[in-house]
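A.B. asks: Spelled out, the chains give:
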Amino acid sequence: MDLTPFLVQALTGLYKGSLYWILALGLILIFGVVRVINFAHAAFYVTGSYIMYTFYNHTGNFIISLIMAMVLTGALGVALEVTVIRRVYKLETIYQLLATFGIALIANEAQKLIWGKGVVYIPIPETLKGGVSVGGVILNHYMTLIIVAGFLLFIATILFMNNTVTGLRIRAVWRDPVMSEALGINTKLTYTLVFFIGTALAGLGGALTVPLISVGPGLADYLIVTAFIIVVVAGLGSITGAYIVSILVGVFSSILVLTIPELDIVVLYMIAALILLFRPQGLFGER
Amino acid sequence: MFLPPRLRVLIDGNIIALLLFIGFLAVIPLSGHRFYMYIAVLIMIFGMFAMGYNILFGYAGLLSFGHGLFFGVGAYSVALFTLNVYRDPLVGVLFSIPIALLTSILVGVLTLKHGKVYFAILTLALSMIFWSALVKLRWITGGTDGLTGIPKRGVLVDLSAPTTFYYFILVFFAAIMLGLYALNKSRYGLLLRALGANEDRLPFLGYSTFTLRMIALTVSGVVSALAGSLYAVFYSVVTPDVAYWTFGAEPLVMSLIGGSSYFLGPLVGALIFVSLTTAVARFAEYWMLLLGAALLAMVLFFRGGLLGFLESLVGGLKLGVYRRWRF
Amino acid sequence: MEILRVENVTKRFGGFVAVNNVSFTVNRGETVAIIGPNGAGKTTLVNVITKRLEPDGGSVFFDGFNITRLPPHRISKLGLIRTFQTVSLFPTLTVRENLALPGLNAGTTSDIKRIAGMLGLEEYMDIVVAKVPLGVQKLIELGMSLLLKPKMLILDEPVAGLGAEDRLNIVKVLSGLKSSLNLIIIEHDMDVVFALVDRIIVMDKGSIIADGKPEEVRENKLVKEIYLGVE
Amino acid sequence: MSVDRRGFIKTLGAGVAGLVVGAVLGWAAKPSEVREVTRTVTVTAPAVERKLPKATVKIGVLGIRSGLWSTYGEFIEQGARLAAEEINARGGILGSRVELAFRDEQADVVKQARELVDVEGVDFIVGIDSSGNALKVGGIIDELGKVLVVSHAATHRLTEELVFKEGKKLIFRSSVPVYQDGILAAYIAKDLPVRKWAGINGDYEFGRVSWDLFTKTLKTLRPDVEFVVTQWPKFGTEDFTPFISALLASDAEALHTSIWAIELVTLQRQLTAMGGYKKFKAVVSTLGYSMDVAYALGAEYPTAELGTWVSARYMWLYPSTKINKEFVDKFKARWGKLPAYSAETTYSAIYMLKAALENAVSLDPDAVIKALEGMVILTPAGVRWIRPEDHQAVYEVPYGRIVHKGAEVPLLEDLKAVPAMLYYRHPPFG
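Chains as they are written, first to last, in the numbering used here: chain V, 1 to 287; chain R, 1 to 327; chain D, 1 to 231; chain B, 1 to 430.
Quick caveat, the hints were computed from the structure, so don't treat them as lab data. Hints should not be assumed to be uniformly reliable.
Sample of chain R residues facing chain D (criterion: CB under 7 Å; computed from the structure) [as the list claims (entries may be wrong)]:
hint, residue
1, Leu-178
2, Tyr-181
3, Lys-185
4, Gly-189
5, Leu-190
6, Ala-197
7, Asn-198
8, Pro-203
9, Gly-206
10, Tyr-207
11, Ser-312
All residues carry an ideal CB built from backbone N, CA and C; glycine is no exception.
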């Protein structure tokens with residue numbers, strides 16, 4: 001039996017998994033530290049895409065546009081945190097969900113007003129246009145870049161969390177906000193910082209995909225569902241777990257497309273549900 | 001009032017308001033205005049859905065993200081039954097009840113053993129499986145396009161005239177509302193409220209929380225499924241959208257808008273939700289923007305829902321207060 | 001004639017042994033106090049007996065039944081009832097509704113009236129529990145437990161956090177109950193303990209270090225050292 | 001469902017009338033002659049006191065106006081507005097002004113349709129993007145009691161089942177249905193020197209039926225072909241990479257797809273990036289010349305060795321008639337872009353209603369239905385014949401090969417048209 005098709009599917013799955021991971025990381029940080037389930041995460045993702053598109057059209061510089069997309073999306077996140085999200089921290093979770101859901105609806109429509117309803121994207125950078133051919137399928141360099149970027153992001157996050165003072169502070173608040181406050185950590189500032197990081201990551205994810213995925217208002221509504229499933233299956237609170245599960249979901253769903261295309265999502269959801277039934281705290285979560 | 005004490009206990013502001021509302025609904029067809037009849041049917045169907053949902057959410061304190069599952073089970077069982085087994089809407093709707101009962105028990109066995117957070121996640125996961133199965137098992141469910149041609153005119157009953165159909169729905173609506181009111185007043189109503197208020201204490205009073213939760217889930221699931229089956233007959237079309245989690249979150253939003261700690265809160269919420277979406281959709285383009293702003297305003301300023309807001313204005317409104325829900 | 005027998009019960013939290021191989025028996029008609037410093041394992045022991053926590057080892061027998069594997073609601077139905085250290089009521093329900101909850105299983109409206117009268121709760125009946133004073137809440141907790149018609153009642157610090165007047169009130173009620181059911185009281189207030197019980201079990205660091213009549217325990221050197229001394 | 005050889009012969013026979021119409025009025029006819037014909041259509045009614053009972057004719061317009069597909073609602077709106085403005089500038093319909101009311105079909109289409117009829121008091125409904133929504137409104141059309149002209153939704157069930165089998169005579173359709181994506185696509189494919197086909201179509205009825213009609217028709221026309229791999233991404237897929245690599249893992253030589261709108265833009269770009277255009281010698285993209293896609297891909301629109309064959313439900317560069325040229329110019333002047341297909345189909349739907357009203361001189365639905373049935377009308381997309389049995393507007397739209405000539409959008413070469421009567425399915429739709 002020729003295994004090349006499976007290898008190819010696994011590789012494209014690796015790329016998709018890396019995309020999920022960038023989304024899931026922002027979600028999990030915000031959920032873990034700020035304890036808000038951010039329904040507007042997809043809206044930030046799309047905002048990142050649009051900002052990337054705008055800057056790229058004006059400057060033609062991929063790197064600058066990417067940084068601007070991250071920073072501006074993060075700044076938007078902070079603006080929202082300070083004006084709205086901060087006011088719902090003390091409320092029951094359900095109200096936080098509704099507030100972020102309201103923000104998502106508003107953001108979708110606002111994007112339509114600013115960038116129009118049409119489809120936008122930017123070309124793949126010239127230097128990355130080529131690719132590696134595996135069994136007749138070209139693994140585009142840009143896709144490889146996203147796989148590498150996802151992995152680097154994972155390493156960077158682990159290093160940041162374990163080896164910097166800010167990372168330590170974030171972990172402390174993650175573990176126990178009350179105790180952290182007692183120890184003199186400025187939790188309010190930490191929340192804002194984490195919201196910045198989380199939304200900037202969403203912006204990064206959105207910006208990175210404009211060369212491959214076309215952008216329209218309300219695009220990521222579907223993507224975000226998968227990211228949520230990943231966070232839950234991994235266990236709320238495990239960064240390493242989220243990375244592993246993202247990659248597994250990417251690879252596994254990709255192979256399902258090849259093997260049982262008729263039932264791919266059913267199987268995926270079944271497995272997710274089975275995992276949750278037997279380990280409701282998630283694969284890597286603590287009860 | 002000159003009523004025997006047993007009866008007097010049963011009578012409060014809720015039942016009076018409910019009877020007045022049912023009376024009001026009963027005279028709407030006299031106006032001959034079909035659009036208002038249409039809106040009223042929507043309010044009744046979503047009112048049932050939200051009231052059913054709130055048994056679990058407002059009473060028992062369990063947040064379900066998967067109620068689209070029950071609604072969908074109701075809708076698809078009436079569709080499959082009337083199209084393949086026996087062509088009659090009434091029999092179809094009644095058929096959906098035992099199916100919903102079995103589904104509820106199955107869901108309960110799978111989800112109720114763990115804590116509240118896990119319940120929310122597990123119901124979401126189960127409803128997504130159901131949804132994806134509806135999408136993918138085309139030869140049974142018609143896939144994304146769903147099933148069409150659910151009859152209003154059947155072997156036993158003919159509901160094809162709009163007014164007949166309206167009263168058909170009204171009968172179910174009134175029966176369910178009065179049934180829920182009786183439940184609310186019964187010992188189980190009290191136990192379910194106690195479950196929401198402090199579930200950890202109940203075992204030490206000799207009650208199994210699992211059993212109580214199962215009762216709440218079953219009532220909630222069956223009422224939601226009934227709403228779904230009526231919805232399917234109403235539209236004569238059913239698509240997997242009804243089982244998607246966003247659809248399942250609508251009764252939650254309705255309960256919160258009306259006030260989830262009030263018996264009539266979900267119904268009031270359904271009334272507002274349906275009217276509001278009808279009104280803002282006239283602004284064609286940007287109705288989602290307005291909906292988002294309305295949600296945000298509610299979270300920031302009117303967290304007790306409309307009834308909570310009214311109560312804060314007119315203190316001592318005896319509408320039957322339950323606890324506020326907490327994760 | 002024994003009513004409760006605890007055999008070699010152990011409960012660990014991670015590496016910490018909260019209850020270490022504890023065994024004792026309570027006979028019918030006995031009123032027992034469990035005392036000991038904070039962290040001695042008293043509440044954990046009660047939690048294990050009533051199955052709020054799963055034991056890591058040992059067995060519990062009540063009224064001839066092995067209750068080690070029973071879920072808490074079944075244990076309650078056998079007549080082994082407990083109260084909680086921090087008041088655990090249904091804060092959004094009225095006092096009447098709180099008292100009605102046990103009644104749905106065992107008592108009747110007249111029982112509620114009688115108990116409410118005995119505890120002096122009549123004036124609060126239609127007020128939401130969250131709005132009544134702590135002392136009254138403790139009484140409601142007691143009333144709720146009594147309405148379950150217990151064979152044995154375990155009271156976890158029934159007077160903690162109360163003023164002198166409320167304490168007196170509860171002690172009065174409890175001494176009236178002594179004759180009709182078995183009481184186990186966990187309490188720090190030695191006046192309350194000595195006023196009520198026939199027997200004292202002293203715990204420290206998860207183990208029983210003394211068990212006997214109040215006067216014996218009072219004279220026990222070890223107890224004086226580690227417990228009464230501290231006080 | 002199947003279209004076998006015998007079916008085609010029958011089709012030809014049944015289509016004689018249509019072919020005659022095509023021959024007389026056909027797309028090659030000179031503009032002046034054609035105008036003469038339309039005049040004969042509209043002048044049949046008596047000339048005395050030709051007025052409608054109302055001073056305004058109100059038309060409800062449904063389209064997708066929120067979310068990822070909201071461009072399509074915009075196209076419908078643009079076409080409808082242009083038609084109404086033109087008609088009103090020339091004195092309306094028999095002196096009555098045309099007024100439009102827009103609604104988002106994503107906000108519960110049945111509610112919107114009812115509100116248009118019962119509250120806004122519209123006389124007609126046009127538009128509707130989604131097939132599901134068209135079937136929902138179609139299901140209650142008798143309760144609404146107004147003529148509905150669907151101008152985008154492509155499900156064959158609307159006309160074949162609701163109109164023809166169930167007799168819901170109030171429903172019409174001005175746009176070509178899924179025959180374009182299935183049957184005509186097969187006619188294009190049969191001439192390509194490839195044997196092994198791959199397919200990627202949406203996992204919903206439109207996608208399924210497109211592929212089904214395509215494979216069955218092509219197998220009849222070219223028994224030597226093979227269909228080696230099929231993928232069914234769900235509606236709203238934002239990333240096609242796993243599907244594409246599964247397609248590329250096969251030994252297929254050509255690809256058929258009825259994916260559309262933003263999804264098609266992503267599909268084409270990812271197909272290019274992953275080497276799809278090195279592998280597939282030909283690509284048939286049934287809605288590839290929808291203007292949102294043409295504008296979005298622009299100069300990057302990939303071209304396969306044997307051609308990227310695209311079509312739509314109307315294409316601005318076909319036919320080269322005066323009326324079409326005028327329409328394109330007016331549309332560009334009004335909206336700044338070339339007309340998308342659903343703009344034309346909605347524009348023509350309103351002109352169909354205008355012609356019917358001028359003929360019937362009445363707003364009575366039965367009279368309007370009678371006037372619409374069998375109507376032959378010259379529109380930008382060519383001559384439309386409203387087939388009386390199923391109320392489907394019969395006209396042809398060709399396929400063409402994408403070429404880049406430095407224009408604002410890619411252009412088409414080798415336009416291949418097949419007479420509409422040949423590739424439309426016919427009553428009784430065996």
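A.B. asks: Hint by hint, say whether it matches the structure.
C.D. replies: Going through the hints against the structure:
{"no.": "1", "hint": "Leu-178", "result": "22 Å, violated"}
{"no.": "2", "hint": "Tyr-181", "result": "17 Å, violated"}
{"no.": "3", "hint": "Lys-185", "result": "12 Å, violated"}
{"no.": "4", "hint": "Gly-189", "result": "10 Å, violated"}
{"no.": "5", "hint": "Leu-190", "result": "6 Å, holds"}
{"no.": "6", "hint": "Ala-197", "result": "4 Å, holds"}
{"no.": "7", "hint": "Asn-198", "result": "5 Å, holds"}
{"no.": "8", "hint": "Pro-203", "result": "4 Å, holds"}
{"no.": "9", "hint": "Gly-206", "result": "4 Å, holds"}
{"no.": "10", "hint": "Tyr-207", "result": "5 Å, holds"}
{"no.": "11", "hint": "Ser-312", "result": "16 Å, violated"}
Hint compliance for this structure: hints 1, 2, 3, 4 and 11 are not met, and every other hint is.
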